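A.B. asks: The primary structure of each chain is shown beneath.
2 protein chains.
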Amino acid sequence: MRLSRFHLATVKEVPADAEIASHRLMLRTGMIRKLAAGIYTWSPLGLRVLSKVQNIVREEMNRAGAVELLMPSIQPKELWEETGRWEKFGGQLLKIRDRKDAAYCYGPTHEEVITDFARNELKSYKQLPVNFYQIQTKFRDEIRPRFGVMRAREFLMKDAYSFHLTADCLDREYRVMYDAYGRIFTRLGLQFRAVQADTGAIGGNASHEFQVLADSGEDAIAFSTDSDYAANVEMAEALAPAVARSAPSATLERVATPTQKTIDEVSAFLGMKPEQCIKTILVRGHDGLVALCVRGDHEINEVKAAKLAELPGESVLADEAEIVRVTGTRPGFIGPVGLPDSIPVIVDRSAAAVADFVCGGNQDGTHYRGANWERDARITRIADIRKVVEGDRSPDGHGTLKIARGIEVGHVFQLGSKYAEAMDATVLDDAGKARVMQMGCYGIGVSRIVAAAIEQNHDDAGIRWPEPMAPWRIAICPINAAQNAQVREEAEKLYEDLSARGIEVLLDDRGLRPGPMFADIELIGIPHRIVVSERGLAAGTFEYRKRNESENRAIDREELLRCFS
Amino acid sequence: MRLSRFHLATVKEVPADAEIASHRLMLRTGMIRKLAAGIYTWSPLGLRVLSKVQNIVREEMNRAGAVELLMPSIQPKELWEETGRWEKFGGQLLKIRDRKDAAYCYGPTHEEVITDFARNELKSYKQLPVNFYQIQTKFRDEIRPRFGVMRAREFLMKDAYSFHLTADCLDREYRVMYDAYGRIFTRLGLQFRAVQADTGAIGGNASHEFQVLADSGEDAIAFSTDSDYAANVEMAEALAPAVARSAPSATLERVATPTQKTIDEVSAFLGMKPEQCIKTILVRGHDGLVALCVRGDHEINEVKAAKLAELPGESVLADEAEIVRVTGTRPGFIGPVGLPDSIPVIVDRSAAAVADFVCGGNQDGTHYRGANWERDARITRIADIRKVVEGDRSPDGHGTLKIARGIEVGHVFQLGSKYAEAMDATVLDDAGKARVMQMGCYGIGVSRIVAAAIEQNHDDAGIRWPEPMAPWRIAICPINAAQNAQVREEAEKLYEDLSARGIEVLLDDRGLRPGPMFADIELIGIPHRIVVSERGLAAGTFEYRKRNESENRAIDREELLRCFS
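Just so you know, the protein sequences line up as chains F and R, in that order.
Residues 1 to 565 in the working numbering are what the first sequence spells out, letter by letter.
Residues 1 to 565 in the working numbering are what the second sequence spells out, letter by letter.
Calculated from the structure, these hints are not laboratory results.
Predicted model, so just to flag it, every value in this text is computed and none were measured.
Wrong hints could be hidden among the right ones.
What the hints assert, rightly or not - Below, computed lysine to any residue pairings styled on SDA-like, alpha-carbon distance capped at 25 Å:
#: 1; chain 1: R; residue 1: K100; chain 2: R; residue 2: S124
#: 2; chain 1: R; residue 1: K34; chain 2: F; residue 2: I135
#: 3; chain 1: R; residue 1: K100; chain 2: F; residue 2: I135
#: 4; chain 1: R; residue 1: K493; chain 2: R; residue 2: I555
#: 5; chain 1: F; residue 1: K123; chain 2: R; residue 2: H7
#: 6; chain 1: R; residue 1: K493; chain 2: R; residue 2: A431
#: 7; chain 1: F; residue 1: K418; chain 2: R; residue 2: A36
#: 8; chain 1: F; residue 1: K34; chain 2: R; residue 2: I555
#: 9; chain 1: R; residue 1: K493; chain 2: R; residue 2: D430
#: 10; chain 1: F; residue 1: K34; chain 2: R; residue 2: P129
#: 11; chain 1: R; residue 1: K418; chain 2: F; residue 2: E19
#: 12; chain 1: R; residue 1: K126; chain 2: F; residue 2: S4
Unchecked claim - Simulated restraints on C-beta separations:
#: 13; chain 1: R; residue 1: A431; chain 2: F; residue 2: L512; range: 21 to 27 Å
#: 14; chain 1: R; residue 1: Q92; chain 2: F; residue 2: Q92; range: 55 to 61 Å
#: 15; chain 1: R; residue 1: D497; chain 2: F; residue 2: K126; range: 24 to 30 Å
#: 16; chain 1: F; residue 1: G182; chain 2: R; residue 2: P516; range: 36 to 42 Å
#: 17; chain 1: R; residue 1: R175; chain 2: F; residue 2: D17; range: 26 to 32 Å
#: 18; chain 1: R; residue 1: Q92; chain 2: F; residue 2: R488; range: 48 to 54 Å
#: 19; chain 1: F; residue 1: L512; chain 2: R; residue 2: D168; range: 24 to 30 Å
#: 20; chain 1: F; residue 1: D459; chain 2: R; residue 2: E467; range: 35 to 41 Å
#: 21; chain 1: R; residue 1: A461; chain 2: F; residue 2: D396; range: 57 to 63 Å
#: 22; chain 1: R; residue 1: R553; chain 2: F; residue 2: R488; range: 54 to 60 Å
#: 23; chain 1: R; residue 1: E87; chain 2: F; residue 2: K126; range: 34 to 40 Å
#: 24; chain 1: F; residue 1: H398; chain 2: R; residue 2: P516; range: 53 to 59 Å
#: 25; chain 1: R; residue 1: D168; chain 2: F; residue 2: R187; range: 45 to 51 Å
C-beta: ideal position from N, C-alpha, C; glycine also.
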C-alpha cells in the first residue's frame, strides 16, 4: 500500500476520558473514532487490524470443524421470553419497537436464536454433533461504556454454539474448542492464559476464560511457573503448606496493644512477622457469628468463604455492635483463643500450620503472644478460605504460582441442557426417542482483542504490534524522495519487490520529513522499518530497524529480500 | 468439503408466501431461515455464497482505490437532525432509545455518519479525493417486507462515499466507480445493464442503476441492441420516427362508433391498425385541461409528461365531469380535431408523424377517419411524452431498443454538496479558504445480489449458480460407496486431488441413494457434477455433467484433472 493512497490521520491530542493505553493509542493512531458513547467507527487503519484478527479466528474455527453461518442482529422478543431472559438479562439488553410496535432487541448474544435455528434444523442424532459459529456485530447497552473498544456498546464478536446428543460428546467438543482457542491466541502472537472460571450465573459445568496478560487487566489470574495450570485468583486453590505445624514452644501470654489493631501495627509493635500472626474475621453464619482465621499475610477469599457450609451462601461481615455484644470485645482485638463456644472457628489451611502465633486477646487493647492451636485455641474445621499469593505451590503439584493481570478475550462454556430444555430443542435418538440436546458455547471478543493486544504491546512511542496483527509487516521510509530520484526509485523498487513476494508493505510516499514520518510509523506499530536514504544508498545499504529494538542496522538489498522471503 | 461435516438441510415444502423463485429456492436449499418478518439467518450454505459476493465486491473496490472502513450500525439522532432526515426519512427508519433515553436509529444508510467522519478527519484539499467504503449490515423497517432477502429489513450492503474538492474530480471518481461496478457484476457472472436513473428525491446530478436482468424484476429497462445504452423505461427517450409525415391523402370523415371507445375496439371496428389511430388523454394543466396525444399503439409516460411546462409537475387525469363540461363529450370519444382553443394539444413525436389517422370525434358515439395534423387538428407543441417500446431506435443512434425486466442491485450517485453543506463538511483549498466538499455515493445490495442471481439462473430442478458465486465448483457423487470400497477410494482420491489444486470441491459422503443425492446437488446448483460408480470405474471413467446441460459424458481421470487445473 502506498500511504498517500491510504487514509491515515494520526492525532496529537486525545480526550482526557481515554484512561488506558489502548484507548489513547487507538485514538492517536486514528484506528477508531467515537460516534457516540461506546460506539466507534473503525477507520481504514483500525479495520485492517480487526480483519486480521477475524481471519485468524475464522481459519482456526474452520480447521476445528465448526461451520460458519450468520444470524441477524435484530431478534424478536418472543424467543427471549422462552428462556426468561427478556426480563432477566437486565439493562444491557437494548429493546426496540418496530413501526408495527412489535418488540425486538439488538442481540447481545445469540443463544436464543441459535437454539431456535437448531430446533428447526436438527431432527436426528445423525445430524449431531455440529458446531455453528458466526463473526457478527453485537450490542450491549453498558451503563458506563469506557476504555474505547475494550468495553464498547457495539462490538464485534465470534460466537459459536455446539449441539450434542450426550454430555460426553459435549466434553469432547469443549476440548476441541479449548485447543482451537489456544491456537488462535498463539497465532495472534499474544501472551495469554486459559484460566478456570467461575461459571457464575450462566450455568453449566466446565468453563474457561482466555485472558490476555496485561498490567491494566481487570482480572487477577494465578498461573503455575511449571505447568498449564491457570485460574482466576478467586477460583485458585490454596494448598496446605508442605511442612507440618511445629510443636508449641512458647507459653501463652497476654500483651497490651493499646492502639495496635491491624496486623501491620501489631506485628511491628511486637517484633513479629505478619505470617506469625493470625487474623480473625467474624462473619454472619446461618444463625450467629462464624470466625474465619487466616495468616496475617493472607486475605480472605470471599468467593471461597461464601461456599462454606457454615455460611448462608454469601460472606457478610458482622457489624461492630453484634461483635461487641457476643464477644465483649471491639473488632481489632478478636482472636481464636477463648472465643465463646457458640462461634465456629474455620481456620485456613496455612493458618492452621502456624505455631506460637500472635492473635487478638478478645479483650480490648490486648493481644496474645505464643498462642497455639489445639492447646490454646479451638479449630472447628480447616478449610481453604484464602486468596492465593505469588509463591504458593501450584494446586496441580507442579511449580509455584505467579499472579498476573489479564483481559478476558475468550470464554468457553458447557451450557448443558439449559437453553435446549427451555426452548424444547430435541432430536430423535437411535431408538426414535426425543432427547434434549446438550449445548456448548464459545465466545471471542474480536474487537476487544485489538485493544488487549495494544495493552500488552506498546511503549512510549506507540503500538508494537505482534506481526500477525500488524496492519503492514514492513514500512519503507524514503528520505527526501522529492529531491532525490535515486532514493525515490530505490524505494519504489524495494516496495515492488517485497509486494511481489506477497509481503504486506507500506510505502510512506507522503513526502513528510524524517521526524514526523518515523513518529507515525512507530506510533502505528509497524514491526519492521526500512529507511532508504542518499547516504545509505551510497554505501549500498538500507537502514533497518525492528520496532522493538533501539538500534539501526545497515542491510543490503540481497540480505533484506532473503530475510523477508 | 465433506458434506457429512457440513450442515446441509434441504426441505421439500416452502411457505405459500414465498412468491418468487429465489425466495422459494433459498428456503428449499436451506440457504436462509426466517427469524422474523424480513429478518433471516444465513445458514452455512447461504453464507458461503454471500461471502463469495462480498469478496468479489471487496477486491474490486480495493482495486479501484477505495479504502475500507467500518461504521457502526447504531447512529445518534443528532446527526440525522443536521440533515433533516430524522423526520424526512419516514417509517423505514428504525428509531431506538437506549437505557439513558438517548435517541438512536439502526442505520438504513450512512451519509450522515460518513460526512461526520469526513468533516472531522479531512482538513485539507491534500487529503482529497478519498473514497471510503464498508460492507455492513443495515436495517430498513419496510412496511411490507417480502421476497425473502430481496426486500428484507435487515440486509448486507456495500456502501461507498467519496469526497472531492471539485465537481470535476467527483465526475472522474463516478466514472471509476461505474467501471468498477461493471467489473463486479461481470466477475459475478451475471447478465446486467447499467441504466440511467431518475435521481428522484435523493438529489444530485448523474445517477445510474445497475440492474440484473430477470423476468421477475420490478423495473422495466430499455437497452440498445448495438451499444451500451440502457435506461429505465421511465427515463428512455423516444426519438421521432426516421421517416417524415406523409402528406394528407384522405378526407376527414366522421364515422359512427356507437359503443367503440378503446383503441382496440375502434381500430378493429374501422379496419385500421392501432398505429394509425391517435389516442388523446386530457390531464390537468396549470389552469384548465391539457390534451396529450400519442399513437394508438403507444402509452403515455407519466414521468415525461409530468415534466411538461404546461403541467404542474405531475400528470393527473381530468375527471369525467370536467371533461364533459369543457368538451361536451364523454371520455373515449375525445380527439384533437375541433377541441376548444383553451386546451393546449401536446403531440408525441411519433403521433405527430402519422397522416390520415383515426381519432375521437369530440361527439359521443363518433370518431374521425382521415384526420390530418395542421389541416384538421391543431398542434400546440411536439414533445417526447410516450414510453419507449421494443424496436424503437436507440436514443444514442446505435441499434434499436429492447425492453427487459431488471432487479436493482447497485446504484451510483453524484450527491454533490447536499450532505456536506447541511453538515458543514469543508476542507481548506490551496488558497487556505474553507470549501464545502463534493460527494458521491455508491451502493451495492450484497445480500440482494444472491437472490437476483437465482432469479436469473434457475430451472425446475433448482439453482444454476454462475461459477463465481457457487458454494462449490464441483460435486463428487459416489454411488453405493458404503458397499463398494473401490468407489469410496476413487471418490476420496479425486476429492483430494482436486482439492490439492485449490478447487472448491464438495464430496457427498452422506451415503444417500443416487436419486436424493443428485436432487440435492442440482437443487443447490453446483456447476459441475462427477459421479463415481462401479460401472464407470470398470470402464476407467467417471460420469460428468454440467449443471446447465442435460447429458452425461464419460470422462477419464486425466481429462478431468486437465479440465479443472
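A.B. asks: None of the hints should be skipped; say for each whether it holds.
C.D. replies: Cross-check of the supplied hints:
Proximity of R/K100 to R/S124 is assessed by CA-CA distance (about 37 Å); at most 25 Å being required, the pair is judged violated. With a C-alpha separation of about 19 Å, the suggested pair R/K34 and F/I135 falls inside the 25 Å cut-off, and the hint holds. Straight-line distance between C-alpha atoms of R/K100 and F/I135 comes to about 28 Å, which puts the hinted pair past the 25 Å bound. Of the supplied pair hints, the one linking R/K493 and R/I555 holds, its CA atoms being roughly 16 Å apart against a limit of 25 Å.
Under the criterion of a C-alpha separation no larger than 25 Å, the hint pairing F/K123 with R/H7 is consistent with the structure, at around 12 Å. About 69 Å separates the Cα atoms of R/K493 and R/A431, which puts this hinted pair outside 25 Å; it is violated. A hinted pair counts as satisfied when its Cα atoms are at most 25 Å apart, and F/K418 with R/A36 qualifies at roughly 24 Å. Taken as a hint, the F/K34 and R/I555 pair is broken in the structure, with Cα atoms around 60 Å apart against an allowance of 25 Å.
For the hint linking R/K493 to R/D430, the alpha-carbon distance of about 66 Å lies beyond 25 Å, and the restraint is violated. Annotation: proposed proximity of F/K34 to R/P129 holds, straight-line Cα distance about 23 Å (limit 25 Å). In summary, the hint linking R/K418 to F/E19 is not supported, as the alpha carbons are separated by about 38 Å, beyond the 25 Å threshold. Restraint check for R/K126 and F/S4: the C-alpha separation of about 10 Å stays at or below 25 Å, so the hint holds.
Between R/A431 and F/L512 the beta carbon distance is about 23 Å. The supplied range of 21 to 27 Å therefore holds. R/Q92 and F/Q92 have their C-beta atoms about 27 Å apart, which leaves the hinted 55 to 61 Å range violated. About 29 Å separates the C-beta atoms of R/D497 and F/K126, a value consistent with the hinted range of 24 to 30 Å. For the hinted restraint 36 to 42 Å between F/G182 and R/P516, the CB-CB distance of approximately 40 Å keeps it satisfied.
Between R/R175 and F/D17 the CB atoms are about 44 Å apart, so this pair departs from the stated range of 26 to 32 Å. About 51 Å separates the C-beta atoms of R/Q92 and F/R488, a value consistent with the hinted range of 48 to 54 Å. Under the hint 24 to 30 Å, the C-beta atoms of F/L512 and R/D168, about 28 Å apart, fit the expected range. A hinted range of 35 to 41 Å is violated for the C-beta pair F/D459 and R/E467, which are about 50 Å apart.
Checking the proposed 57 to 63 Å range against R/A461 and F/D396 shows it holds: the Cβ atoms sit about 59 Å from each other. Under the hint 54 to 60 Å, the C-beta atoms of R/R553 and F/R488, about 57 Å apart, fit the expected range. At roughly 55 Å, the beta-carbon separation of R/E87 and F/K126 lies outside the given 34 to 40 Å, and the hint is violated. Roughly 55 Å separates the CB atoms of F/H398 and R/P516, a value that falls within the hinted 53 to 59 Å.
Look at R/D168 against F/R187: about 47 Å separates their beta carbons, and that is inside 45 to 51 Å.
When held up to the earlier numbered hints, the structure conflicts with 1, 3, 6, 8, 9, 11, 14, 17, 20 and 23 and fits the remainder.
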